[in-house]
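Peer 1: This is what each chain is made of:
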Amino acid sequence: MNYKSIMKEISLSIKNSNSHKEIVFITKESKKNLIQYRKNILFHILNQVSYVYPTIVYLIGEKNLFYLSRLFYNEHNNNHSNIYNFISYFPLFLESKYEIHKDDILAEISKIDLLLHQSSSQSIKSYEGILEYWKDLQKKKKSKVTINFNQEVELSLDIKGDECYILQQYV
Amino acid sequence: MSVNNPLIGTGLGLRFPYFDDILKTKPQLDWIEVIAEDFLMPGPHHFKLMKLRELYPIVFHCVGLNVGGIDDFNYNHLFQYKSLFEKFCPLNISDHLCWSMIDNIYHHDLLPIPKTKKALLNTCERINILQDYFQTTLVLENVTEYIQFKVDEYSTFDFLKETTLRTGHKILLDITNLKINSFNHKLSIHKMTSNIPINEVQYVHFSGGEIEDDLYIDTHSSKVNHEDLITYKNIFKNKKIPVLLERDSNLPAYQEMIGEYQTLKGFIREL
Chain A
1 MNYKSIMKEI SLSIKNSNSH KEIVFITKES KKNLIQYRKN ILFHILNQVS YVYPTIVYLI
61 GEKNLFYLSR LFYNEHNNNH SNIYNFISYF PLFLESKYEI HKDDILAEIS KIDLLLHQSS
121 SQSIKSYEGI LEYWKDLQKK KKSKVTINFN QEVELSLDIK GDECYILQQY V
Chain B
1 MSVNNPLIGT GLGLRFPYFD DILKTKPQLD WIEVIAEDFL MPGPHHFKLM KLRELYPIVF
61 HCVGLNVGGI DDFNYNHLFQ YKSLFEKFCP LNISDHLCWS MIDNIYHHDL LPIPKTKKAL
121 LNTCERINIL QDYFQTTLVL ENVTEYIQFK VDEYSTFDFL KETTLRTGHK ILLDITNLKI
181 NSFNHKLSIH KMTSNIPINE VQYVHFSGGE IEDDLYIDTH SSKVNHEDLI TYKNIFKNKK
241 IPVLLERDSN LPAYQEMIGE YQTLKGFIRE L
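In the order they appear, the protein sequences are chains A and B.
Throughout the first sequence, residue numbering follows our numbering, covering 1 to 171 in sequence.
Throughout the second sequence, residue numbering follows our numbering, covering 1 to 271 in sequence.
I should point out that these hints are in silico values taken from the structure, not numbers from a laboratory.
The beta carbon of each residue, even a glycine, is placed where N, CA and C say it ideally should be.
Any given hint could turn out to be false.
Said to hold, decoys possible - List time: in silico EDC-like cross-link candidates among lysine to aspartate or glutamate, alpha-carbon distance up to 16 Å:
id: 1; chain 1: A; residue 1: 39; chain 2: B; residue 2: 210
id: 2; chain 1: A; residue 1: 31; chain 2: B; residue 2: 214
id: 3; chain 1: A; residue 1: 39; chain 2: B; residue 2: 20
id: 4; chain 1: B; residue 1: 24; chain 2: A; residue 2: 162
id: 5; chain 1: A; residue 1: 142; chain 2: A; residue 2: 132
id: 6; chain 1: B; residue 1: 223; chain 2: B; residue 2: 248
id: 7; chain 1: A; residue 1: 39; chain 2: B; residue 2: 212
id: 8; chain 1: A; residue 1: 15; chain 2: A; residue 2: 29
id: 9; chain 1: B; residue 1: 240; chain 2: B; residue 2: 270
id: 10; chain 1: A; residue 1: 8; chain 2: B; residue 2: 103
id: 11; chain 1: A; residue 1: 4; chain 2: B; residue 2: 153
id: 12; chain 1: A; residue 1: 15; chain 2: B; residue 2: 20
id: 13; chain 1: B; residue 1: 161; chain 2: B; residue 2: 200
id: 14; chain 1: B; residue 1: 118; chain 2: B; residue 2: 71
id: 15; chain 1: A; residue 1: 8; chain 2: B; residue 2: 72
id: 16; chain 1: A; residue 1: 4; chain 2: B; residue 2: 71
id: 17; chain 1: B; residue 1: 51; chain 2: A; residue 2: 132
id: 18; chain 1: A; residue 1: 28; chain 2: B; residue 2: 38
id: 19; chain 1: B; residue 1: 48; chain 2: A; residue 2: 162
id: 20; chain 1: A; residue 1: 32; chain 2: B; residue 2: 212
id: 21; chain 1: B; residue 1: 150; chain 2: A; residue 2: 132
id: 22; chain 1: A; residue 1: 4; chain 2: B; residue 2: 72
id: 23; chain 1: B; residue 1: 186; chain 2: A; residue 2: 29
id: 24; chain 1: B; residue 1: 223; chain 2: B; residue 2: 270
id: 25; chain 1: B; residue 1: 51; chain 2: A; residue 2: 75
id: 26; chain 1: B; residue 1: 223; chain 2: B; residue 2: 246
id: 27; chain 1: A; residue 1: 32; chain 2: B; residue 2: 213
id: 28; chain 1: A; residue 1: 8; chain 2: B; residue 2: 71
id: 29; chain 1: B; residue 1: 48; chain 2: B; residue 2: 20
id: 30; chain 1: B; residue 1: 191; chain 2: B; residue 2: 158
Claimed, not checked - Where chain A lies over chain B, by a calculated footprint (3+ residues, C-beta under 8 Å):
id: 31; region: 87 to 98
id: 32; region: 143 to 152
To be verified - Here are the simulated distance ranges between beta carbons:
id: 33; chain 1: B; residue 1: 45; chain 2: A; residue 2: 140; range: 19 to 27 Å
id: 34; chain 1: A; residue 1: 70; chain 2: B; residue 2: 222; range: 24 to 32 Å
id: 35; chain 1: A; residue 1: 92; chain 2: B; residue 2: 28; range: 41 to 49 Å
id: 36; chain 1: B; residue 1: 8; chain 2: A; residue 2: 79; range: 36 to 44 Å
id: 37; chain 1: B; residue 1: 222; chain 2: A; residue 2: 98; range: 51 to 59 Å
id: 38; chain 1: A; residue 1: 2; chain 2: B; residue 2: 259; range: 43 to 51 Å
id: 39; chain 1: B; residue 1: 250; chain 2: A; residue 2: 169; range: 37 to 45 Å
id: 40; chain 1: A; residue 1: 141; chain 2: B; residue 2: 137; range: 33 to 41 Å
Here chain A stands alone, though its shape is the one from the complex (with noise of 0.2 Å):
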């Protein structure tokens, strides 16, 4: 088996999780190592959904994000050379899965996450209250406010140096 092979092999092999028993290329000894590395993918995948998306940490908690980032690791092929811009993609995924939409709004809070994030002129499009449903999250207290699903705003990054703040617009 040449080397291109054997990379080939063990880049399925991680991402698919599949039996390193069947791997005959790796030295017995250190077959069972192999898991290590989708260990570490995991465990980098995590780390950086913690950072980018802060508030969806304080909201669901690490447990329930590690189960949330390893479905969503698991159900998408990385094509992205920045790790950023693979991560980025966690709000859609969010979206897709009903039973997590219908209950709560983590999509769109984690949409504004992304948005401080990025820290780039792009903007987004949400829900009137969504704003300060963030902003009460930020300062670690439960909202009370309600989100009117029936009026769209857009909100924007407003860069002073160092500092962001949101502006919000009403579309």
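Following the hints, put chain B in place on chain A, whose structure we already have.
Peer 2: Coordinates of chain B only, in the frame set by chain A:
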């Protein structure tokens, strides 16, 4: 600082939780190592990095150049790095002797290269491409290798020695990775390192791992221990190669981290 090495003394790995504290308290640090991928996207953190750059020399440490990979380089991606390097003028640029992407799937982990003659040729060709593109001599680090390949024709450091000789890249020796590989594969550190071209080592990483279920894992989560320092001393004898303290998880409070930095700096100074 020598003709071949722009670094001197002890550096600290920049992590975001310490960023504001460093800018505010301006501790005495010889230099700072910055993870390039943390800054590929523009934003206010660039503004902060520019302030940091005015206070300290910096080096960029990359984890995503896919040095030992087999897919063609993504030049849009490389251009992001190049723009970053040109903006902040680091003293050097480093990455790892590993691969992290194949068939356009990115793993964002440091995967070991099967050390065959053909893989060596491929890796050297790619190092030359990167060095030409960035117009610099790269510094490449030995990685943790949890697995070993039956097809290996070189040991880790024989492979590293060959890439160094053939491309002229410098070496970033990670003492923790060395120790982890020694533990996990029951190899003698003395034998493993006897072939390292010491004069090509530009700096040394100290991080700290943990043992879980008989496997020593590169967690970057613990203090530098005495054993690692002795390993450094045994490898470099009386030479004072610049060192870097890096930590990625189980981060201590800022002042404690600065204390660890000073302890490491003190040890190296007294050698």
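Peer 1: For each hint, tell me whether it holds in the structure or not.
Peer 2: Here is how each hint holds up against the structure:
1. A:39 / B:210: OK: residue 39 (chain A) and residue 210 (chain B) at ~14 Å, within 16 Å.
2. A:31 / B:214: Within the cut-off at roughly 14 Å; holds.
3. A:39 / B:20: violated, 31 Å
4. B:24 / A:162: holds, 14 Å
5. A:142 / A:132: Given that 16 Å is the threshold and the Cα spacing comes to 11 Å, the pair holds.
6. B:223 / B:248: Status holds; Cα separation ~11 Å.
7. A:39 / B:212: holds, 12 Å
8. A:15 / A:29: Measuring from Cα to Cα gives roughly 22 Å; hence the hint is violated.
9. B:240 / B:270: holds, 10 Å
10. A:8 / B:103: holds, 8 Å
11. A:4 / B:153: Roughly 15 Å separates the two Cα atoms, so the pair holds.
12. A:15 / B:20: Status violated; Cα separation ~36 Å.
13. B:161 / B:200: At roughly 9 Å apart (the allowed maximum being 16 Å), residue 200 (chain B) and residue 161 (chain B) satisfy the hint.
14. B:118 / B:71: holds, 15 Å
15. A:8 / B:72: Between residue 8 (chain A) and residue 72 (chain B) the Cα gap is close to 15 Å, so the pair holds against 16 Å.
16. A:4 / B:71: holds, 10 Å
17. B:51 / A:132: Violated - the C-alpha atoms of residue 132 (chain A) and residue 51 (chain B) are around 33 Å apart, more than 16 Å.
18. A:28 / B:38: Violated, because 37 Å separates the two Cα atoms, which is more than 16 Å.
19. B:48 / A:162: The given pair, whose Cα atoms are some 7 Å apart, holds under the 16 Å limit.
20. A:32 / B:212: holds, 13 Å
21. B:150 / A:132: violated, 59 Å
22. A:4 / B:72: At roughly 13 Å apart (the allowed maximum being 16 Å), residue 72 (chain B) and residue 4 (chain A) satisfy the hint.
23. B:186 / A:29: Holds. Residue 186 (chain B) to residue 29 (chain A) sits at ~10 Å (cutoff 16 Å).
24. B:223 / B:270: Given that 16 Å is the threshold and the Cα spacing comes to 19 Å, the pair is violated.
25. B:51 / A:75: Outside the cut-off at roughly 40 Å; violated.
26. B:223 / B:246: holds, 9 Å
27. A:32 / B:213: The given pair, whose Cα atoms are some 11 Å apart, holds under the 16 Å limit.
28. A:8 / B:71: Roughly 11 Å between the alpha carbons, so the hint for residue 8 (chain A) and residue 71 (chain B) holds.
29. B:48 / B:20: Answer holds: residue 48 (chain B) to residue 20 (chain B) is near 8 Å, not above 16 Å.
30. B:191 / B:158: holds, 11 Å
31. 87 to 98: With 0 residues closer than 8 Å to chain A, the region 87 to 98 of chain B misses the three-residue bar; violated.
32. 143 to 152: Answer holds; 6 residues pass the 8 Å Cβ test.
33. B:45 / A:140: 19 to 27 Å: Since the Cβ atoms of residue 45 (chain B) and residue 140 (chain A) sit about 24 Å apart, the hinted range of 19 to 27 Å holds.
34. A:70 / B:222: 24 to 32 Å: Holds: the Cβ-Cβ distance is about 25 Å, inside 24 to 32 Å.
35. A:92 / B:28: 41 to 49 Å: holds, 46 Å
36. B:8 / A:79: 36 to 44 Å: holds, 41 Å
37. B:222 / A:98: 51 to 59 Å: violated, 42 Å
38. A:2 / B:259: 43 to 51 Å: holds, 50 Å
39. B:250 / A:169: 37 to 45 Å: Hint holds: Cβ distance 43 Å, inside 37 to 45 Å.
40. A:141 / B:137: 33 to 41 Å: Because 53 Å falls outside the window, the suggested range is violated.
In the structure shown, a violation is registered for the earlier hints numbered 3, 8, 12, 17, 18, 21, 24, 25, 31, 37, 40, in ascending order.
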